[in-house]
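Next come the chains, spelled out residue by residue.
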Amino acid sequence: MAADAGKLEFGAKAHVALNDPKLRANFRRAMDGLMAKRTIQFADEAEWTSLRARGAMVRANALARLPELLEQLEANCLKNGIQVHWAETTQEANAIVLGILEAAGAKTVIKGKSMVTEEMHLNAHLEKHGITPVESDLGEYIIQLAGEAPSHIVMPCIHKNKAEIAELFHDKIADQPYTENVDELTAAARKALRGAFAGADAGISGVNFAVAETGTLVLIENEGNGRLSTTLPPLHIAVTGIEKVLEKLDDVPPLLSLLPRSATGQPITTYVNMISSPRKDGEKDGPKAVHLVLLDNGRSRVHGDSELRDTLRCIRCAACMNHCPVYTRVGGHTYTFTYPGPIGKLLTPQIEGLDCAGDQPHASTLCRACADVCPVQIPIPDLLVRLRTEAVRPTSPDAVKGAGSSATTGETLGWKGWTLLYGSPLLYRIGTRMLGWFGNLMPSSAPMLKQWTSVRTKPKFAPKSLHELAREKGFCDE
Amino acid sequence: MPKPTRPESVYFFGTCLIDLFYPEAGLAGMELLKRQGVKVVFPPKQTCCGQPARNNGYQDEARAVARLQLDAFPGDRPIVVPSGSCAGMMKTHYPEMFEGTPDHERAVAFSKRVYELTEFLVDVLGVRLEDKGRPVTVTWHPSCHSQREAGVVEQPKALLRMLSNVTLVENPREKECCGFGGAFAVRQAEISAAMVADKVASIEDTGATQVVSGDCGCLMNITGAAEKARKGFTGRHIAEFILERCHGR
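Heads up: the protein sequence lines correspond to chains Z and S, in order.
For the first sequence, position 348 matches number 348 in full-length UniProt numbering, and the numbering has no gaps at all.
For the second sequence, position 66 matches number 66 in full-length UniProt numbering, and the numbering has no gaps at all.
In short, the hints are calculated from the structure, not lab data.
One should not assume that every hint holds.
Taking lysine-lysine pairs in the DSBU-like style, the calculated list, with each CA pair at most 35 Å apart, reads [said to hold, decoys possible]: (1) K157(S) with K39(S); (2) K473(Z) with K112(S); (3) K34(S) with K458(Z); (4) K132(S) with K464(Z); (5) K22(Z) with K231(S); (6) K45(S) with K458(Z); (7) K450(Z) with K175(S); (8) K45(S) with K473(Z); (9) K231(S) with K458(Z); (10) K162(Z) with K128(Z); (11) K460(Z) with K112(S); (12) K450(Z) with K228(S); (13) K231(S) with K37(Z); (14) K132(S) with K228(S); (15) K460(Z) with K132(S); (16) K464(Z) with K39(S); (17) K458(Z) with K175(S); (18) K45(S) with K450(Z); (19) K231(S) with K13(Z); (20) K112(S) with K464(Z); (21) K45(S) with K112(S); (22) K22(Z) with K128(Z); (23) K280(Z) with K248(Z); (24) K464(Z) with K175(S); (25) K191(Z) with K288(Z); (26) K13(Z) with K128(Z); (27) K231(S) with K464(Z); (28) K45(S) with K460(Z); (29) K13(Z) with K175(S); (30) K401(Z) with K450(Z).
Start from the sequences, fold in the hints, and give me the full structure.
Right under this line is the structure:
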């Protein structure tokens, strides 16, 4: 019953998260901080409006020409000496990365932050084949030590507080005394990682933007670990989803501004890496070989639908999850799959299938806080409604993987009945009058009322409806 | 945008929730408009905007019920709605729902006639209010759809500030969803419960004795939870609240 596992898991995991006061406090504090920082960055409403319109346009344009831009990207990368690989599935992508590493005889890998390699579960695959990956982003390093998955796409260990990290470091890093001093903790990670950088046979990174016009891979980060991972080892493998392509270099600046301001409230990241080739003759540093692995994993299918295509505009800033009242309360791990929060609810069912993650589009009040802050104007709530629709009544059999899987006779009949009642003034009048007379006799244990009254009082049907009162007061006369 | 001209008469769309549970709020909305010298017509054929079906993925059903509203409100009178959520639905989603159908043109025209109640009172009628009530401290709860779909943010607060004996205290978390979300409250009952508990706590922290809102869905959720937890505040729809102040009750 793989189909039900995902559904049960969301509710069950949410239950656990909601009853973990420490986790709740960690997320609330962190998200409050991130929202406040972002607000300061976009205090100028007019600037925000025009910049995000530009960001949205740049991404929409790139997606409109995706196949052709990908070909151009490949051609220009090859011209620059970057080898390009195409992977339709995560299995293929894992095999490609493993193949490159094995051919180079690489045994240890230093990794920059990459959500796509999380999507592939690359680390587990490499470990299975005797290769040791070490995460070098501080947050990723922490969760790797803890044996956990990221709970946030920008700040992977945001679910942990200082004390938990102090305990983890004391437990996992040799000779590390327990300390909650942030500088000391950072220094401990730095010390452990320096050795890993120096000894790594290869570096693996993600990509923020791949520029078709020039064959440039843009990678932004704050810790310098991305630069070290992509320049120090003799081999660099960049892994990304096919949607990350941009048409031209001029398209990068608005996104370089939108992304960090939306994500962490920084005007710009500390490091902006523009990778355009391996080490050239006469150059003293840089990897001897650079590979780009382009992963599809369902993205082409998403791209094929003109409405759902907007999902792929995402630049992974995480502003949607930072502002999501649901994510803030249940945390990232509740979402089971790689991408949590509003963008996860939207992307995951499209990649994994509605039969597998069909509950996620419903884990939203459609409050539109996400749409309000999205720097590339993805209409997330409207697309969630589209997925809800595909789950019960597909617009075409293969619009979305697992379409139609949530349709039940009972629910369909329920909505048919609703339509009959609300679609006929006469039946509506009779129905509401009956509810006014007898509605309050419904016990709190009735379906739906049971969940409602667990924390709320029972709503009371008014003895006379507004229809009746309006008629009595003469408001119904033309 | 130029200020719309003051019409002689308006339609009132009562909403299905108000119809069944909060008819006094709807009646108050109509009274407020009438006091401004505007003739108010409540078409008896009206039912529901169709949002429940739309949000749950039943688009044909949503369209069928929405089409009845298109029929029920003919002509070109403004349609005033005492709910940001239903107004948002009719303003922003009707045009897209009917795209490619013979009803598209009239759905677009319909959507342009829709006003949320406080929006209409402030922007179109330019009301002035005289407060005859006793001093009271209230806080405002904007529904998500009124702020982010219907685009109504300042108007309700402007109305509350016109009332001389009303102290409006801001809830720092006012923009955050209360956790209602229609079927969400049942489908994700535990998450909804956590959200409304936080909302109730944030309202309590303001020290207000009443929370005023323009949406009865939120009010049912917030006051239901506050009542169950025996908190010291009550909730009121803004139309009812204002009308009572004007009557000195």
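So, going through the hints one by one against the coordinates:
1. K157(S) with K39(S): 25 Å, holds
2. K473(Z) with K112(S): 28 Å, holds
3. K34(S) with K458(Z): At roughly 33 Å apart (the allowed maximum being 35 Å), K458(Z) and K34(S) satisfy the hint.
4. K132(S) with K464(Z): With Cα atoms ~28 Å apart, K132(S) and K464(Z) stay inside 35 Å; holds.
5. K22(Z) with K231(S): With Cα atoms ~25 Å apart, K22(Z) and K231(S) stay inside 35 Å; holds.
6. K45(S) with K458(Z): 28 Å, holds
7. K450(Z) with K175(S): Within the cut-off at roughly 28 Å; holds.
8. K45(S) with K473(Z): 17 Å, holds
9. K231(S) with K458(Z): 16 Å, holds
10. K162(Z) with K128(Z): 32 Å, holds
11. K460(Z) with K112(S): Answer holds: K460(Z) to K112(S) is near 34 Å, not above 35 Å.
12. K450(Z) with K228(S): This hinted pair holds, its Cα atoms lying about 14 Å apart.
13. K231(S) with K37(Z): 33 Å, holds
14. K132(S) with K228(S): This hinted pair holds, its Cα atoms lying about 31 Å apart.
15. K460(Z) with K132(S): Between K460(Z) and K132(S) the Cα gap is close to 29 Å, so the pair holds against 35 Å.
16. K464(Z) with K39(S): 23 Å, holds
17. K458(Z) with K175(S): 26 Å, holds
18. K45(S) with K450(Z): 32 Å, holds
19. K231(S) with K13(Z): Judged against 35 Å, a Cα distance of about 30 Å means the pair holds.
20. K112(S) with K464(Z): Since the Cα atoms of K112(S) and K464(Z) sit roughly 31 Å apart, the hinted pair holds (cutoff 35 Å).
21. K45(S) with K112(S): Answer holds: K45(S) to K112(S) is near 20 Å, not above 35 Å.
22. K22(Z) with K128(Z): 34 Å, holds
23. K280(Z) with K248(Z): 23 Å, holds
24. K464(Z) with K175(S): 33 Å, holds
25. K191(Z) with K288(Z): 26 Å, holds
26. K13(Z) with K128(Z): Roughly 28 Å between the alpha carbons, so the hint for K13(Z) and K128(Z) holds.
27. K231(S) with K464(Z): Holds. K231(S) to K464(Z) sits at ~28 Å (cutoff 35 Å).
28. K45(S) with K460(Z): 24 Å, holds
29. K13(Z) with K175(S): Within the cut-off at roughly 27 Å; holds.
30. K401(Z) with K450(Z): 33 Å, holds
Of the hints listed earlier, there is not a single one the structure fails to meet.
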